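S.K.: All chains, full assembly: derive it from the sequences and hints.
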Amino acid sequence: MKKSLLVLAILSTAAYADEGMWMPQQLPQVAKQLEAAGLKLDPANLTKLTEFPMGAIVSLGGCSASFVSPQGLVATNHHCVYGSVAHNSTPERDLLANGFLAHNFGEELPAAPGTRVYVTKEVTDVSKQIITPAVAKLSGKKRSDAIEKNQKALQTECEKDAGHRCTVSSYYGGLEFYLIKQLEIRDVRLVHAPPEGVGKFGGDTDNWMWPRHTGDYGFYRAYVSKDGKAADYSKDNVPYLPQHFLKLAKEGSKEGDFIMVLGYPGRTNRHRLPSEVAFTFDWSYPAFVKSSAENLAIIAETTKDNKDTALKYASQVANINNYYKNRQGMLDSYAGSDMLARKTAEHEALKTWINADAKRKAEFASDIDAVEKLIAQRDAEYKRDYYFSSSKPRLLNTARVLYRLANESAKPDVERKSGYQQRDVARIKSSVDALVRNYDEKVDKALVLNSLVKYAAQPAAQRNAAFDAVIGIKDGQSKAELQAALDKLYAGSKLGDAAERKAWLERKPEQFKASDDAFIKAAVALYGPDLKSEAEEEELGGKLQQAYANYMKAKIAYMHSKGQAVYPDANSTLRVTFGKIAGREPGSDGTNWKAFTTVEGVAAKATGQGEFNAPAAQLKAIKAKDYGKYVDPVLKSVPVAYLATLDITGGNSGSAALNSKGEWIGLAFDGTLDSIISDWDFNKAMTRDIQVDLRYILWNMKHVDHADNLLKEMNAE
38 MKKSLLVLAI LSTAAYADEG MWMPQQLPQV AKQLEAAGLK LDPANLTKLT
88 EFPMGAIVSL GGCSASFVSP QGLVATNHHC VYGSVAHNST PERDLLANGF
138 LAHNFGEELP AAPGTRVYVT KEVTDVSKQI ITPAVAKLSG KKRSDAIEKN
188 QKALQTECEK DAGHRCTVSS YYGGLEFYLI KQLEIRDVRL VHAPPEGVGK
238 FGGDTDNWMW PRHTGDYGFY RAYVSKDGKA ADYSKDNVPY LPQHFLKLAK
288 EGSKEGDFIM VLGYPGRTNR HRLPSEVAFT FDWSYPAFVK SSAENLAIIA
338 ETTKDNKDTA LKYASQVANI NNYYKNRQGM LDSYAGSDML ARKTAEHEAL
388 KTWINADAKR KAEFASDIDA VEKLIAQRDA EYKRDYYFSS SKPRLLNTAR
438 VLYRLANESA KPDVERKSGY QQRDVARIKS SVDALVRNYD EKVDKALVLN
488 SLVKYAAQPA AQRNAAFDAV IGIKDGQSKA ELQAALDKLY AGSKLGDAAE
538 RKAWLERKPE QFKASDDAFI KAAVALYGPD LKSEAEEEEL GGKLQQAYAN
588 YMKAKIAYMH SKGQAVYPDA NSTLRVTFGK IAGREPGSDG TNWKAFTTVE
638 GVAAKATGQG EFNAPAAQLK AIKAKDYGKY VDPVLKSVPV AYLATLDITG
688 GNSGSAALNS KGEWIGLAFD GTLDSIISDW DFNKAMTRDI QVDLRYILWN
738 MKHVDHADNL LKEMNAE
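Residue 67 in this note's numbering sits at position 30 of the sequence shown, and the numbers go up by one each step.
What the hints contain is simulated information worked out from the structure, not anything from laboratory work. Computed from a predicted model, the values in this text were never measured in an experiment. Even glycine gets a Cβ: it sits at the ideal position worked out from N, Cα and C. Treat the hints with care, as some may be off.
[To be verified] In silico DSS-like links for lysine-lysine, alpha-carbon gap of 27 Å or less:
#1 179 x 454
#2 749 x 739
#3 749 x 189
#4 721 x 77
[Claimed, not checked] Distance windows between CB atoms, simulated:
#5 304 x 414: 19 to 25 Å
#6 628 x 304: 29 to 35 Å
#7 721 x 269: 45 to 51 Å
M.R.: Next comes the structure, spelled out in structure tokens:
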């Protein structure tokens, strides 16, 4: 790979061993730090995506995972397979509560619609092919359109290799672009998930907390056609045979050991401007926390008397709870901190450095000013539309997607809008199919009404006129009147029927225009205004990309001038982070945090109900000290979870934790509540992430769930 700003930005010795979500191709540049930290492998080998161990690391499109057997067995977190467990659960067969184990291939269950396993094959710098000299001269929507056109061309060419999904990802605020080529495995099946009393032990009470005793693990299997190609689900498909899979560690982990995590972190914000920090923590996160609490209460109330509906919304509730506590934790950490003051001082120092040199001033100063104004405009629009975005019935949004797809499908594929090309049809169909097990009209209507009341209370000038006309919103309407308008809208549609939804996937725009279905009519009425809003967003987006990229170019040059490393913010692409297994003195509760927890802590917390309902078989094994070969010689027990000084974030869930030899030692699944602020402001002393120990996973599988077939497959016997 050619040297780029990404590489040049780290040609210094100031990188910190515990900080940084490094792209694999960057690792030779931090080889000395890796070796000093204890890595026994050649750092150069970690750049080879089709070799060990990188070839074993996969993405689930929101979580991370890894192959752990030669027969396509995939290990990840329990909360990452939770949606598939919920999808297959019924009141009569509650897999969430009781867990699931397939004793052979034939017993494995199809994962939730749309579940994918992505295996990264290539990462190529395509910055010059995206921002060509011609594109560099453009601004606004013309720039956005040109960038999208170049992205689609590269993706289309890449996807001529059938069975692969190719994506152009942006780094450093649009300064650089990389083409990511991934094998897209579409037939994914649920293999094993422990009972909720193990996989979600402690529930929301323990979420983001330490000490932790959650067995957050689960297993999928990847399937392909008999000729080894990616294929849709078929009973004739066979397990995928990965070129590489992780081997179980021969020795247990201990405090002070080297550890690295390989996965797909979602998003961090360490390069954000002070104004973005202020808006996020003063308005955006508080609004999110408030609406999340309301939505959780609404779902709880509307599902309390219906077990099947509660199961449909179990995955959504878990997701809302996770982010609700995350954002509140960030707000608590931010309150009284000096983060904004420090970010402001750093930004002012950057501007002083730029203005101190005529050449730098000419190159960067105008874009620094521009990006501030554009961000202010974006934030104002986000605030204006906050309740509007959540005031649309879910089936209306489905109808809008279906109508847009019908219109885009009439165009040559290369001219279709990104997200509606032929490559996207399977994803759209899966989302429509998934409504069968994750949608309920009563719940949806209650959630929409809660937002609609707030939206309708805004002045007319701040509302969307086209949407108001569709719903029938007028100034001064009461909640009861809005409820009646929604009742009429829902009652006038047949999209609640799965067969009806599926039929619309194949219909033409003319059929949509002729329909009397309330949601379809609304989607048609909103189509023109939606396109206008999209064009306005792209005009702003094009200007922001241009200014933000130059801001990041200036920041990289400035930090490099001070001998500081600059890794890109997380963006759901493959990254490596490394550090050591370590406790913390003191923890947020004022006590010293030990590095490991043990199964005795499970027994101590177990209440037999609710969030702490550990299985009886597990408690019996703990009481009998039936630990087998999984006992730690120092702890005299089976370790459950451990802390490490790793730099992770959402999306890293399910990431493989490896020791200095590249052996599998656990799965990353959480951070501590007072350290998640590191998404914005990394704190080396405070930051700790949490892994479930491999020994706990294997002990549960052996002594509690009797998953002997899987243990044998992983060579754990």
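S.K.: Each hint: holds or not?
M.R.: Hints and how they fare:
no.: 1; hint: 179 x 454; in the structure: 14 Å, holds
no.: 2; hint: 749 x 739; in the structure: 10 Å, holds
no.: 3; hint: 749 x 189; in the structure: 44 Å, violated
no.: 4; hint: 721 x 77; in the structure: 24 Å, holds
no.: 5; hint: 304 x 414: 19 to 25 Å; in the structure: 21 Å, holds
no.: 6; hint: 628 x 304: 29 to 35 Å; in the structure: 32 Å, holds
no.: 7; hint: 721 x 269: 45 to 51 Å; in the structure: 46 Å, holds
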